[in-house]
Amino acid sequence: MPSASETGAPAPARLGDDEFAIRVEDVSVTYRTPLDRKPTLKGRLTRRQDSGYREIEAVKHVTFDVRRGAVMGVMGANGAGKSTLMRTVAGILPPVSGRIEVVGRVSTLLSLGVGFNRDLTGRENVMLGGLAAGLTREALKERYDEIVAFAELEDFMDMPMRTYSSGMYGRLGFSVAVNMEPDILVIDEALSVGDARFRRKSFKKMRQLCKQDRTIMLVSHSLGSILDLADDAIWLDKGELRMQGEPKAVIDSYADFLGVEEDAVTMDDV
Amino acid sequence: MTGSSLLRIATETSKPPARGLKGRRPDEFNAERQVYEPHRVGLPPIGPYMRELWRRREFAFELARTNMRAQHLDTVFGRLWLVLNPLMLAGVYFVLVDIIRKGPSRGEDFLAHLIAGIFAYYFVSGSVREGARTVTRRGRLVLNTAFPRVLLPVSSVIGHFLRFLPTLAIYAVVHLVTGLPINANDLFAIPLIVLFTMVSLGLSMFVSTLQVYFRDLAQFLPYLLRLWLYLSPILYFADEVPDKYEIFIWLNPIGALLTAWSDVLIKGQAPSLFLWGVASAWAVGVVIVGGLFFMSRERDFAVRL
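For the protein sequence lines, the chains are A and B, in the order given. Residue 152 in the working numbering sits at position 152 of the first sequence, with consecutive numbering throughout. Residue 1218 in the working numbering sits at position 218 of the second sequence, with consecutive numbering throughout.
Careful: at least some of the hints might be erroneous.
[Said to hold, decoys possible] Rough simulated footprint, nothing fancy, chain B against chain A, three-plus residues with beta-carbon under 8 Å:
(1) 96 to 106
(2) 132 to 143
[Unchecked claim] The calculated label-pair distances, taken between Cβ atoms and stated as ranges, are:
(3) B:Glu1240 with A:Lys141: 40 to 46 Å
(4) B:Val1097 with A:Leu45: 33 to 39 Å
(5) B:Leu1187 with A:Asp145: 46 to 52 Å
(6) A:Thr33 with B:Arg1101: 32 to 38 Å
(7) A:Lys141 with B:Ala1270: 45 to 51 Å
(8) B:Leu1305 with A:Arg199: 26 to 32 Å
(9) A:Arg99 with B:Ala1184: 56 to 62 Å
(10) A:Leu41 with B:Asn1085: 25 to 31 Å
(11) A:Asp145 with B:Gly1047: 34 to 40 Å
(12) A:Arg99 with B:Pro1191: 43 to 49 Å
(13) A:Thr33 with B:Gly1103: 58 to 64 Å
(14) A:Asp155 with B:Ala1270: 57 to 63 Å
[Claimed, not checked] Derived, one-sided and incomplete: chain A residues facing chain B with beta-carbon distance under 8 Å:
(15) Pro39
(16) Thr40
(17) Leu41
(18) Lys42
(19) Arg44
(20) Thr88
(21) Ala90
(22) Gly91
(23) Met127
(24) Met157
Please keep in mind that the hints were generated in silico from the structure rather than gathered at the bench. Note that the structure is a prediction, hence the values are computed from the model and not measured. Where a beta carbon is used, it is the ideal one built from N, C-alpha and C, also for glycine.
Please take these sequences and the hints and turn them into a complete structure.
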């Protein structure tokens, strides 16, 4: 099993300088997280001993390349560091060591949705999300109808998002992320939202993006989705890169590791 | 241009980036390369950060406008409330500090001074009060999108500047009705407004960072702001302050500023060089300290929300 850990084991095949869209080199991400859910001044002043923080090594010496125009599937158990790695690739979290090189504009759809404020309308959220992501107002206006049509939310755009169902939430998030015409799309566990029909539609859209030479990083617990869409896959375990390779091979090893059969359930969600 | 420059050390472009040009599609810049590396110092590289900030200024404006819409401040009654609220507050304080006290009333000049001072103070304190929660309330956005986080406190200041403008019109009416002088010195109000804005921004950046670490700060803030109002030369003229307490005017970030504000608007005279010096020093200092504090901490926000 090829492994790239901190021991400096042979790194996975590197791509040439003009072939990769994302290059992750020996990246580690560590952060201190407060044990209190909400740190307060009162809490700080009244706590007897100062043990309010825990150091979390979320990603440890991970190295891999993602080829331009490819879909990279990312799998791993809960807490394996997938989301942290995705946020680091998107430039939201800083690496503690190592280096990440990204060629092109990144659009993200991470586990919490697209930064939506539930009290604002769908329209306002799309505008704010797009502007924050660096699009111009003109570009957003151009794409707005397409975003709404893809999410099938024409009648709901002027309603506060707290009135949306979770499926509608997910559809709008996905639609915004894919319609920003990103060079690189980072999707974290977003495929389980929406019904079977929307899911099929989102697969089709992602394939279409790949044909346009755009790159996708797809984090999913659904091994079926990765098998179906990915050209390459990585498996993260406790922050380390356990394996990179053909999706089928990585899925087999990962399923072995989890001790589960590749049945209908695991292919759908593990 | 992509992602954020928050973490960017080096940016290489294969063609010159046409930043800030409206109407250009961002995918024209897709040959761009971003490199994320650990910061060697606490601060992101200032140049690219500022450029990215400028490029995404629309976001700050849109966020400010959306917030005002959410509070229905875009309706007629909303706008009315916006000016009535500080005006009524000025009325309450006028009753409190001028009518219910010994000695003769300080008259119309004092009423105008009080109104001008309260309006300016409202701009600063409103920015700070909303600024405190501006990062923590946008947790989802901060966790999902990479952008210069300074845009958040900037948007809170923009929002309160937009609320401040109509109150200036009300002040103008008060100024005319009370028969205060109108002369060229009134134009000094413009640079003073710039200084008020700088203080608002600096303090907003400062408290919004603190709020990430101490979530109860926003609860203490109203008391501090109330105290700040009483320590500022608003409910009294600066020259009424006894000599031994005068130091508190200069130690107050808006003390000299409000004194100059009253000099210009009420007395119709140019502020002294000393006042300009103290007011500008505070404004510049607060922006630099608040900005550096915010920017050196903002990489940490995503893991603390």
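query = Hint by hint, which ones does this structure get wrong, listed from lowest number up?
reply = 3, 6, 24
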